[in-house]
Amino acid sequence: MTDPNVPQAPEVPEAPAGPYVYDYKAAPNRQIVMPKTVPLPSYRTYLAEQKAAAEADEAKWQKSLADYETAKAKAEAEGKDAPKPPVRAVPRKDDNDLKTPWPQEAQDPDLLHLQACLGDKVEEIFEQAGELVCQVAKEAIFEALMLCRDDRKLAYEMLADQTATHYPAASDFAFTVVYHLTSISRRKRLRLRILVPEGFAPESACAAYPSANWMEREAYDMLGIRFANHPDMTRILCPEDWEGYPLRKDYPTVGWGQRDISFREDRGGMLDRIALQKAGQLGINLKQPKAD
Amino acid sequence: MNQPTALEHILITTKVEKVMNWSRATSVWPVTFGLACCAIEMMAAGASRFDFDRFGAGIFRATPRQADLMIVAGTVTYKMAPIIKTLYDQMPEPKWVIAMGSCATAGGPFDSYHTVQGVDKVIPVDVYIPGCPPRPESLIYGFMKLQDKIMTSSLADRYKDIFEEVG
Chain A
1 MTDPNVPQAP EVPEAPAGPY VYDYKAAPNR QIVMPKTVPL PSYRTYLAEQ
51 KAAAEADEAK WQKSLADYET AKAKAEAEGK DAPKPPVRAV PRKDDNDLKT
101 PWPQEAQDPD LLHLQACLGD KVEEIFEQAG ELVCQVAKEA IFEALMLCRD
151 DRKLAYEMLA DQTATHYPAA SDFAFTVVYH LTSISRRKRL RLRILVPEGF
201 APESACAAYP SANWMEREAY DMLGIRFANH PDMTRILCPE DWEGYPLRKD
251 YPTVGWGQRD ISFREDRGGM LDRIALQKAG QLGINLKQPK AD
Chain B
293 MNQPTALEHI LITTKVEKVM NWSRATSVWP VTFGLACCAI EMMAAGASRF
343 DFDRFGAGIF RATPRQADLM IVAGTVTYKM APIIKTLYDQ MPEPKWVIAM
393 GSCATAGGPF DSYHTVQGVD KVIPVDVYIP GCPPRPESLI YGFMKLQDKI
443 MTSSLADRYK DIFEEVG
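Those protein sequences? They're chains A and B, same order as listed. Okay, so the first sequence: first residue is 1 according to my numbering, each after it adds one. Okay, so the second sequence: first residue is 293 according to my numbering, each after it adds one.
Only chain B is shown next, with the shape it has when bound in the complex (with noise of 0.2 Å):
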């Protein structure tokens, strides 16, 4: 019959391409980046109640060239853009952005002279989270569709992304 032979029980067939998108989507370092209250929030899935770990992206890194994900939590001035533009710049490719909260999809209350009315007005946003500010689980869920997104990328797209900017 169709007994598996001893070396199909510690075998398995895959493709690279999901391999390394598994690898990317479980293991994603976020850069440690709070603009105002939403950061606490942050805070919060990151502690044991909450535990952001278990999808692998508890580990904050302190400085963007070790981080995989930015997430934008909090209002972003005029003032604070050209830094977050700078971050994003230092961090190594791959690498992705959750704008969370209303302030970073758009600019929230503040239809101001002092704030931007979005993050994506300065770098690309892959996630977007509404909530004034989103609760743990909000940050977690969009988390998790960023996981989605990694695991269907390919590297042919990522490649030719990179192959259409230089022309």
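The shape of chain A in the complex, shown without the other chains (with noise of 0.2 Å):
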């Protein structure tokens, strides 16, 4: 017979998913979270947020102007003193020290340029703190590429760096790719960007620059953008059997579970794919050997 006062037994927990589950309740500062803006630099954006600050405050001085209005009416008819008349705050003088820069209008020549020649697949250009920044349609960044490089004007020689962002808060793009490139004989610099969704697969620089090759398996290991045309799109720094990419935002710091060493002669599973490719050569199908 059971005792009703007795407190039941507490659940069982539920056992964790893997072998290697990280004690989130042990540091909760680990667990994931993800981001609800896009910090994405943006001379249009920049304005927007200008105009719709500007609107707030416009409506907010005449909401107290109304009730300053009705305030006054009120202690009119009882016959008491008028209350004060507001005043409009001046806007806070702010240290341009520690502000981020904004972005500017594009003035470079480099970026009128590049704006005369692509037309429309130009989707924006701005300076943000003397950098130029260009953000081009995602199918044209290799054509845009060709012209920084082999315009006589822009002669963008050398593709310094390559990387991507990933922001999962943008509802029609998932990911940055940038490119910095780097012109030696007329000493500017000058960025590229796309903005590309989940699943495109965008131009490789390959073609164009070669030393795109290495940033661009560091792009597919990282993030898994795939580029198009990349003569060895593998993994540059995890293990051939790597799963996930680990610089998205919503993989865990601790990792999913990759615990476990492969010893594994053959860990990408390459020897494998060459064995099957000569027998094929061969006319041997050593995925179905005949029964005797």
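No wet-lab data here; the hints were simulated from the structure. Values in this document were obtained by computation on a predicted structure and should not be read as measured data. Be aware that one or more of the hints could be misleading.
[Unchecked claim] EDC-like cross-link-like pairs, simulated, lysine to aspartate or glutamate; straight-line CA separation at most 16 Å:
| id | chain 1 | residue 1 | chain 2 | residue 2 |
| --- | --- | --- | --- | --- |
| 1 | A | 188 | A | 157 |
| 2 | B | 441 | B | 360 |
| 3 | B | 371 | A | 243 |
| 4 | B | 377 | B | 412 |
| 5 | B | 387 | B | 440 |
| 6 | B | 371 | A | 241 |
| 7 | A | 121 | A | 143 |
| 8 | B | 371 | A | 218 |
| 9 | A | 36 | A | 172 |
| 10 | B | 387 | B | 418 |
| 11 | B | 371 | A | 240 |
| 12 | A | 188 | A | 131 |
| 13 | B | 387 | B | 360 |
| 14 | A | 84 | A | 67 |
| 15 | B | 371 | A | 221 |
[To be verified] Derived DEER-like restraints, expressed as beta-carbon distance ranges:
| id | chain 1 | residue 1 | chain 2 | residue 2 | range |
| --- | --- | --- | --- | --- | --- |
| 16 | A | 272 | B | 355 | 25 to 35 Å |
| 17 | A | 236 | B | 351 | 32 to 42 Å |
| 18 | A | 33 | B | 355 | 40 to 50 Å |
C-beta atoms are modelled at their ideal positions from N, C-alpha and C, and glycine is treated no differently.
Since each chain sits alone in its own frame, please combine them into the complex, following the hints.
As structure tokens, this is what we get:
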């Protein structure tokens, strides 16, 4: 017979999903926090934000004026002293040294030349802190790169860096791929940018700049952006049999149970693939051995 | 009186095992193998200021097949772990391992998706040296601890281990 006063035994906690599930209760600061905003610098967004802020400020001022009018009328009707008129707040002076430099309208001849040559394929051009940024359509990136390399007025000979960023909060794209170009002869730098949705394979820059080879492999390894017409689109930093893309924002810092070390000789399955290929050339089917 | 004879002037008596251990402990050849910043300290320990060679461990061999000691100096990633295992397997017996620095002993600051939490998950370790990175003095102290271990080891223990493994 069970005593109703005795509290029930606590429920058995659920077994962890894998052998190496991290104890997030012990370290809550390790939990994944997905970003809510898209901190992508853009002149257009900056202008829209400024306009929205000015409108909000104006609406607030109008509301305080209206409040003052009603309060004044009420005080007159009751025979009291009139309330103080509202004073419009002067915008606070910011310390510009501490602020991120805001995007400015493109003045540089390089950006204007790019826009003149590419036309509609340029989505946006702006300058920020003296750095030139040009956002082009994702289908036209190779054309833009070739133009930057070959045009006499641009002459960007070097691809200094190519990297990508994950923006999970954005609705119409998932990643930005950024190309940092350097012109050694003209001592200038230019940043090209494309917005890439999930699953889209942008054209590889290897044919224009051979240094893009490893950087694109890194972008694929870390974020899962596949580049079309790349000579060797394989992982470069992680082991060949890795699952997932570690630099995505939804990837936990401690990993997805990648804690088992594989000591196999052929971890990527490359030897298997070569063997199958060779056997196929010889007319042998290794996959389905004949039953004697 | 107890005057030593002429023979006793030139002869000493000892055990074969002790001679073996002494010879092993005073000529430990490490494999040239650095993984991260701890390797810089390992190089400093080998250079003239600290001079690892005073203890017989200055000859860093470029192949594991000629080495007795592996100093795992640095962060062990999952991609590097199978290679460390291969190198360890290529070293001839008797062989020893020093885990140098907090990364090699316990993962260090990298409680992360890519780092093995201690090289002892992959290969057996004899001496752990804490520090990030440890000073060359720490490495030398750890190495002297390893020498103590070698001097107190016994051939019988070694054979017992091997036969127990075989069964």
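Going down the list of hints, with the structure as the test:
Restraint check: the Cα-Cα separation between residue 188 (chain A) and residue 157 (chain A) comes to about 10 Å, which is no more than 16 Å; the hinted pair holds. This hinted pair checks out: residue 441 (chain B) and residue 360 (chain B) have alpha carbons roughly 14 Å apart, not beyond 16 Å. This hinted pair checks out: residue 371 (chain B) and residue 243 (chain A) have alpha carbons roughly 13 Å apart, not beyond 16 Å. Taking the CA atoms of residue 377 (chain B) and residue 412 (chain B), the gap is near 11 Å; set against the 16 Å cutoff, the hint holds.
A hinted pair counts as satisfied when its Cα atoms are at most 16 Å apart, and residue 387 (chain B) with residue 440 (chain B) qualifies at roughly 15 Å. Between residue 371 (chain B) and residue 241 (chain A) the alpha-carbon distance is near 10 Å, which keeps this suggested pair within the 16 Å criterion. Only pairs whose Cα atoms come within 16 Å are accepted, and residue 121 (chain A) paired with residue 143 (chain A) is accepted, the gap being roughly 10 Å. Between residue 371 (chain B) and residue 218 (chain A) the alpha-carbon distance is near 15 Å, which keeps this suggested pair within the 16 Å criterion.
Restraint check for residue 36 (chain A) and residue 172 (chain A): satisfied, since their Cα atoms lie roughly 15 Å apart, inside the 16 Å limit. Between residue 387 (chain B) and residue 418 (chain B), the direct Cα distance comes to roughly 10 Å. Compliance with the 16 Å bound is thereby established for this hinted pair. Pair hint residue 371 (chain B) plus residue 240 (chain A) holds up; C-alpha atoms about 9 Å apart against a cutoff of 16 Å. For the given pair, residue 188 (chain A) sits about 9 Å from residue 131 (chain A) by alpha-carbon distance, which is consistent with the 16 Å threshold.
Taking the CA atoms of residue 387 (chain B) and residue 360 (chain B), the gap is about 5 Å. The hint holds against a cut of 16 Å. With a C-alpha separation of about 11 Å, the suggested pairing of residue 84 (chain A) with residue 67 (chain A) holds against the 16 Å cut-off. Distance hint between residue 371 (chain B) and residue 221 (chain A) is fulfilled; the C-alpha atoms sit about 13 Å from each other, no more than 16 Å. Against the hinted window of 25 to 35 Å, the Cβ-Cβ separation of residue 272 (chain A) and residue 355 (chain B) comes to about 30 Å, which satisfies the hint.
Our hint of 32 to 42 Å for residue 236 (chain A) and residue 351 (chain B) holds, since their Cβ atoms are close to 35 Å apart. For residue 33 (chain A) paired with residue 355 (chain B), a C-beta distance near 48 Å keeps the hint of 40 to 50 Å intact.
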